[in-house]
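Colleague: Taken in sequence, the protein lines are chains E and A. Quick note: the first sequence uses my numbering, first residue 37, plus one each step. Quick note: the second sequence uses my numbering, first residue 37, plus one each step.
Quick caveat, the hints were computed from the structure, so don't treat them as lab data. Check each hint, because a few of them may be wrong.
Which copy is meant is left open, because identical chains are indistinguishable; a pair holds if it fits in one copy or across any two.
To be verified - Result set (DSSO-like, lysine-lysine): computed pairs, CA atoms no more than 27 Å apart in a straight line:
id	residue 1	residue 2
1	K299	K141
2	K329	K361
3	K120	K105
4	K652	K711
5	K299	K645
6	K288	K186
7	K671	K299
8	K288	K98
9	K711	K361
10	K288	K107
11	K98	K559
12	K711	K329
13	K382	K352
14	K186	K107
15	K288	K120
2 protein chains.
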Amino acid sequence: MKHLYPTLVLGLALALLMTPSKADSPQGYQLRSPDSALEVELEVRPEGVFYSLSYLHRSVVKPSRLGLKIKGQAPLASALKVDKHREREVDQQWQQPWGEQQSIKEHYRELRLELIETTANPRRLTLVIRAFNDGIGLRYELPDQPHLKKFVIEDELTEFVLAENSHTWWLPAYRNWGPEYQYLKSALSSVDVAFTPITLEARHYALAIHEAALIDYASMTLRLQGDNTKTLKVDLVPWPNGDKVRTSTPMKSPWRSIQIAPKAIDLLNSHLTLNLNEAPTPEALASAERYLKPGKYMGIWWEMHIGEKDWSPGPKQGATTARAKQYIDFAAQHDISGLLIEGWNKGWEGEWWQRPPTFIFNQPVAGLDLDEVVGYGREKGVAVIGHHETAAGVTYYEQQMESAFGYYQKLGIHSVKMGYVGKRIDGEQWHHGQFMVNHFQRLVDTAARHQVMVNAHETVTDTGLRRTYPNLMTRECVRGMEYNGGSPDSGNLPDHTTIIPFTRGLSGPTDFTPGIFNFDYQKHRPNNRVPSTLANQLALYVVIYSPLQMVADLPENYAGHPAFQFIDDVPTDWRESRALEGEIGEYLMVARQDKHSPDWYLGAITNQKARSIRVKLDFLAPNTEYEAQIYRDGKDADWETNPESYDITRQRVNADTELRLDLKPGGGAAIRFKKR
Amino acid sequence: MKHLYPTLVLGLALALLMTPSKADSPQGYQLRSPDSALEVELEVRPEGVFYSLSYLHRSVVKPSRLGLKIKGQAPLASALKVDKHREREVDQQWQQPWGEQQSIKEHYRELRLELIETTANPRRLTLVIRAFNDGIGLRYELPDQPHLKKFVIEDELTEFVLAENSHTWWLPAYRNWGPEYQYLKSALSSVDVAFTPITLEARHYALAIHEAALIDYASMTLRLQGDNTKTLKVDLVPWPNGDKVRTSTPMKSPWRSIQIAPKAIDLLNSHLTLNLNEAPTPEALASAERYLKPGKYMGIWWEMHIGEKDWSPGPKQGATTARAKQYIDFAAQHDISGLLIEGWNKGWEGEWWQRPPTFIFNQPVAGLDLDEVVGYGREKGVAVIGHHETAAGVTYYEQQMESAFGYYQKLGIHSVKMGYVGKRIDGEQWHHGQFMVNHFQRLVDTAARHQVMVNAHETVTDTGLRRTYPNLMTRECVRGMEYNGGSPDSGNLPDHTTIIPFTRGLSGPTDFTPGIFNFDYQKHRPNNRVPSTLANQLALYVVIYSPLQMVADLPENYAGHPAFQFIDDVPTDWRESRALEGEIGEYLMVARQDKHSPDWYLGAITNQKARSIRVKLDFLAPNTEYEAQIYRDGKDADWETNPESYDITRQRVNADTELRLDLKPGGGAAIRFKKR
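Chain E with its partners taken away, still in its complex shape (with noise of 0.2 Å):
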């Protein structure tokens, strides 16, 4: 990494601006956003606390409750009286070491309502809420205390009453691939449980509910409370016994957070889970620095996915040394720093996926010599990247996790990508529940100590830690590129990559693997095809943000491929990035600017539905010619019938320009401004 920004501007504790909201209630609070648009009540009445909140004068979450129940215990939710408060205000800006923006504002107001209780052997909880003007975060604390020490949380009586019925895009919770199916859209008052976050419109508003900064905690999942209503209560994901949190005093939850937004687009604009997180320490940052290094990286993956080589060892494996100095050399004459080698060690004989794990982790597979694949990669500037499948064995993982990342450490290797693929963890765990939470907070510590980069797949749905812990890169959470290739034969439908920026993506990065250039394996996978045109996948680069971007297809497929260039272009870091304008499902435009030059880059993308957009270019700087170079879908594009049917012009223009952008169905355009 070229640039790091590690200073962070402290903010000040500003003049105190709540106040208990009634004379004659002192037990009930108000708390505004800096910009007041955003207000939160709490109350604390005998028999519960419930916090409010408002948008614009407008009621968004009607008094909802808050509180824990502990097993064993009456439910630390009532009967609590207000100790003491405390109130403050920072604003401050804050650099990101690498990311989809690089200076952040966090401006918030906070208040700490600490709590104890009104019985004998009273037990104390702190809530904490945070206003800022994106949304707002709300936390329990329980403090260091006499009357409660090591406990389980049982129940997490959190609730979100919402005010209004609305369209709600979600992913149903404890099916078996986590977060790995597409979108359903429906009235608030049809969800079952859902994965956060999700994603309301309002007729006013658009909202999204979601957490930050889990550690040591379970994730949070969200159940309608009875039938066709507006309520969602925290459901959190059990350990197999049913206990939800095993914990002791002192400890933080998770904050839950609202994001708030006037529309749907508007909500991609957003920092509040960054901001919800804790700034890194400084040794981390400065440690960090030294490895972390966003880029292109390329994979002997998807000729696995379409069923052109094996995982496992044998005539079709992929993961051969003459197969990965192929990629090399590709990537060494483009602008792709890295190369992932799936099936690289021993263990991935046949159905690796439907057993207990056999990997491991130090020992590459025969056919593979690593040592000579890094060597060559190091000589001609691609990086290995390593590789660590567990099969969703995690236990059997951690045996070996310390001496796997040592060889790689060994081996100069800065960049893993995780892989859980399974049912359950250990075969009796959630994929998201505070066991799996607890081990990927190890293995990103155990990272971080081999200076290793970290792209999690199939691991808990991202809550922010990117800000505190440097080299968590980047995760999937999501159903990604690969189910166009051919597991298990049903491919994404076109509307997918323009749901999961709105929902999934509200909660960082995601790696989903563009840049599929040949819409012909249709050897193999008869039944599946990437749903987008050559169009759509270059927009993609700048659509889904990912610090570790992939380019997903065959070297051979982008061989002398005038359109790659794009790729090549597009960088994965960037100075400044804006949602321009979207519908959840229908189409969407970004625009991000390049953290290391003057250049943006524009990505637009429509579901199966054709449309022309038309985009002001009024982000790039006043006063500036650029050049736009323009990869566009052809005029008889259609991601079905021709999904290879693209142009390519030049035009000069300025912040005054208004560009036409004609989609085809499943199509897109990607554009790079280069400042002439």
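Please arrange chain A on chain E, whose structure you already have, making use of the hints.
Modeller: Chain A only, in chain E's frame:
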């Protein structure tokens, strides 16, 4: 009913057009629709019997298993061979005594495959497949046979291995309130388990899977097989012990049907479900002719839903003699032939839906003199409509069923609304299992004997049985207008009515209960609203078909209202119906011709988005002048801010006219084309 057309034109079995498909495989058969667009292939292989379906040479259903699992026996699904096959073609036109379309063409080719096991003590299974131009039907017949007498179906193995992962509109099955939820839209591969009809929009066609002629069997739901697949399998709604169907030979299963059309809108013009039901007996038809009478009705009902009145006896009691007379007075001045009085009988005290039923079905509640009300209505030409709310207590109800209908018959009541409000029937049965199917059949038969038309709420989904049982007029089986009232405080979204005609509506008449004129019922229901404009409410009388169509609001809210003229004019019995244009969840435009006049009516509705649509009036008779009486949204109409804004305009039109309709958010247009 003034006109009945009981004449059935019996089709001739035409020349057989089917042949075994492959000379070398005598166990392969194919069946084409009369227009050859649809082609069904049947393969009887040792390991099982499989069907597949193509449409215009495009695979729609890939080879999919057929068969039954019999409790305590080997599955009746494999080791079968064809004993006999018979083919025939039927081409006839039949007349509905009432309906959305007077004359219906029934043209199909049929293949009967009589299968016998190749094992010792062989069992027999007959498959019957019918191919229409608009879809196929497929059923199991189990003839009288020595080795299969009384038995339990443990599972029906019928699969639908769909060729394409499509956008799917579905309702989850096995929730507490049956189909009374708003629809979900997702990829097929994200479906879990769904009620039918389920509607899919593929790239080149739309299809709906449902069943027809559900008698003495369990309702079908469809469960996605495995994760992320395209295979739906029949999942019969079970008895409490897991049995699916308790039966004996000879028996016939309901038809499994696949409707198919170029676009979703065309599905609405199909009569496949009706055509897969039996014609009524001449006696049933002649008997029904005496009392069947489509028409509009009011109800003491909405005032309970909006909290003005109670179902329970007491100070807010809705069912009183005086109130009933007010309704009758209003109805008598308009074309409204019936009055429903909910809460009319003893047993409605308190939270009647939360306890075992206490209703007495032949004793009016104190405060309602039913004899007097019936007599008053008779004088004025308004018939009282009976009401049997069972609170899902079917066994309790059946003890009184005979006397209850006898009581009504004595009073001259010929129409009854049924209710089965409750999470489970008799506390343990699903509303869609065989127990309820059989009860409902007994109910329909009992009603017929007592000359009563049935309008059933919270019952088994329609499967076209109204053809066979003409007194089975209409059903709810949908999340109706009532949810916009007050229970339970989460109203329908504006797009709901643009979805249900494409889904629930395909199964048959829908008692959605339109016609709300007063959008200001916030006194008791501050969080609920009817999400439509007034013109949209009018349009629903055309868009949503029901032979008994409610005029749902209070008489006070209609009195003197110019727009009520449309409700007065609009018929409920039609010569012809044409769904003209629409997209699921977006908008819909339907035209229907009055059965008893040359006049046409048109309804157009939109979701939350305003839109302009153009309509060519080429459905009107040629060379004929009409006055179009247009009820449209006012310029500033908006369901949320100004729902009551509308205009009435008149203009001369003919079949060459093209009208432009500007629909506002949640809006609509309703037109009467009156022949000049």
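Colleague: Would you list, in rising numerical order, the hints stated earlier that this structure does not obey?
Modeller: 9
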